[in-house]
Amino acid sequence: MADVREMRIFSAEQIVVQQELPNILKNYSKEVIRNNPEDIIKFSREYFEQLLKEDGFFDDHLDKLQVTGKSLLFRKGEKITNVYEIGDMYSDSYYRKARVGIHKKTGIERAILQKSKSDYPSTEAFLKKMEVLGSYDHPNIVRYLEVYEDEHYYFLVCECLKGNDIIDQVWRQGRHTEEYGATILKQILNGVLYIHSKGVAHNLLAPINILHVNPGSPEIKIIDMDEAGNQPIKDLDKFLRYGEYRGCYIAPETIKGQWNIKCDEFAVGIIMYYLLVGDVPFYGWDYKETLKLITEYKFDQTSYNFTSLSIEARDLMLRLMAYKPEDRISAQDALKHPWFNKAQKGELRSKDLGDALNSIKKFHAGGKLKQAVQGYFTQNLLSQQELNDLAALFQQFDKNSNGVLSRDELIDAYRTTRGVNFSEKEIDEMIRRVDADGSGDINYSEFINVAVSNEKLLSDEKLEKAFRVFDRDGNNEVTIQEIKELLDACRMIDEKMVQRAIKDIDRIGKGKLTFVEFKRFIQSLFQGQ
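For the sequence shown, position 170 matches number 170 in the working numbering, and the numbering has no gaps at all.
You may find that some hints are simply not true.
[Stated by the list, open to error] Straight-line alpha carbon distances no greater than 25 Å define the calculated DSS-like cross-link-like pairs of lysine-lysine that follow:
| no. | residue 1 | residue 2 |
| --- | --- | --- |
| 1 | K79 | K128 |
| 2 | K162 | K256 |
| 3 | K104 | K465 |
[Unchecked claim] Distance windows between CB atoms, simulated:
| no. | residue 1 | residue 2 | range |
| --- | --- | --- | --- |
| 4 | K288 | D437 | 43 to 51 Å |
| 5 | S310 | E78 | 50 to 58 Å |
| 6 | D437 | L318 | 54 to 62 Å |
| 7 | E179 | K456 | 30 to 38 Å |
| 8 | K117 | Y304 | 33 to 41 Å |
| 9 | E179 | K298 | 42 to 50 Å |
| 10 | S116 | S453 | 23 to 31 Å |
| 11 | D428 | K456 | 38 to 46 Å |
| 12 | D460 | E312 | 25 to 33 Å |
Because the hints were derived from the structure by calculation, they are not lab data.
Virtual Cβ for every residue (Gly too), placed ideally from N, Cα, C.
Just need the whole structure built from these sequences, with the hints factored in.
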């Protein structure tokens, strides 16, 4: 008879392959089983878990989110002009050009940035930079979605923001009220705080790099994240040749060729001055004189527009603009400044909040394939307006503006939103299911992935768009291989997984789905939720 102690040398996989466990258990005496129950239970569990894994059960039945769809996809070998209709230029930021791109199969608009390959020493260096870009996950930071290439250029596909930059908004409307300015500044500082949590600074922060998501909308996003880093600007002259106005936002240490992460806070202080006063504090006849004024720290604090501001506004502004980095207030501390008590709340409709909370509550992880489909839909099929609305909801819940939703914030949201009432135990279980990265909080991508109701996500319009995208060869049928290839970025999907999922739909085993079958296939993945 086998000794229980000797069983510990076997792995569960060996036991399954050799099919030894049933025979070993048969040979056990009742006395051995009674005296060693933990060993028997442990190896029995591992044995059956291994069998279920081989059968795909664990891939198809998960109780926790593992795939969010948040990733920057490198479309190697694909021509961007085959996928997007490239439109007119709508932004001319620094030395990059941004054009509107309309996806030929979904009609969704994106911004397309063109980057010269000569800007990078190697493909590996570019891919490393793109990996960092793909990791940015905050409602006030533009989301980068795809990368294409040709012989000379890389093309970065990101969110398409329709609003003007905040400098243009002031030109059109004049200086902002403190209440409205606080709403804008709080979002900028939220984004800066998140960027700094990655150990880098934006480096180029200026009004031209901060766009309203829609014309007249108070919501903003920081763009041009591809220049973020922890090194000083290499070619300041080239940087300033784009436009002398940009020199107004450069920190004194940057001018001296030094780097400090609080260079962004200095820029935020200048931006705050501009929004509330209607002008910049440092502005010479050319950029060299502007830099001289910054290094000498000479600016007018006697103008009516400046002195008419509240004491709190002037205090925060000057602390952000402090000459020495060590004297400069951090983004984290700036967000706690009493001036922000004036911030415009911008209350969202209770129904919008309730709908989002109910969608999160109803979320069930499902299998890896279902998660991959849900992640793909939320990243590629939601319109920019739908994403903007989700970002606004997220920020309404995120009371401390740290870019994640904590347990306490969710409890507060469920308690204060009309028509929504769940226990703390239910909220704890919800966080466990939704928290894909195991942080204990719900980040922005996790929120987007689960806050959209199935009714919206699986509407006929979105399913038709999805079918056109999945049908890569345009023959009005979707194959198992086409589904796998499109979801392959998740690195968790295999062909057998797709075959198991469509087995009940594709009853004759042709390995292809018409639109009606594809619709039933997608809906079947979400059944029970």
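Status of each hint after checking the structure:
no.	hint	verdict
1	K79 / K128	holds, 22 Å
2	K162 / K256	violated, 36 Å
3	K104 / K465	holds, 10 Å
4	K288 / D437: 43 to 51 Å	holds, 47 Å
5	S310 / E78: 50 to 58 Å	holds, 54 Å
6	D437 / L318: 54 to 62 Å	violated, 39 Å
7	E179 / K456: 30 to 38 Å	holds, 33 Å
8	K117 / Y304: 33 to 41 Å	violated, 51 Å
9	E179 / K298: 42 to 50 Å	violated, 30 Å
10	S116 / S453: 23 to 31 Å	violated, 43 Å
11	D428 / K456: 38 to 46 Å	violated, 27 Å
12	D460 / E312: 25 to 33 Å	violated, 52 Å
The structure is inconsistent with the numbered hints 2, 6, 8, 9, 10, 11, 12, although it conforms to all the rest.
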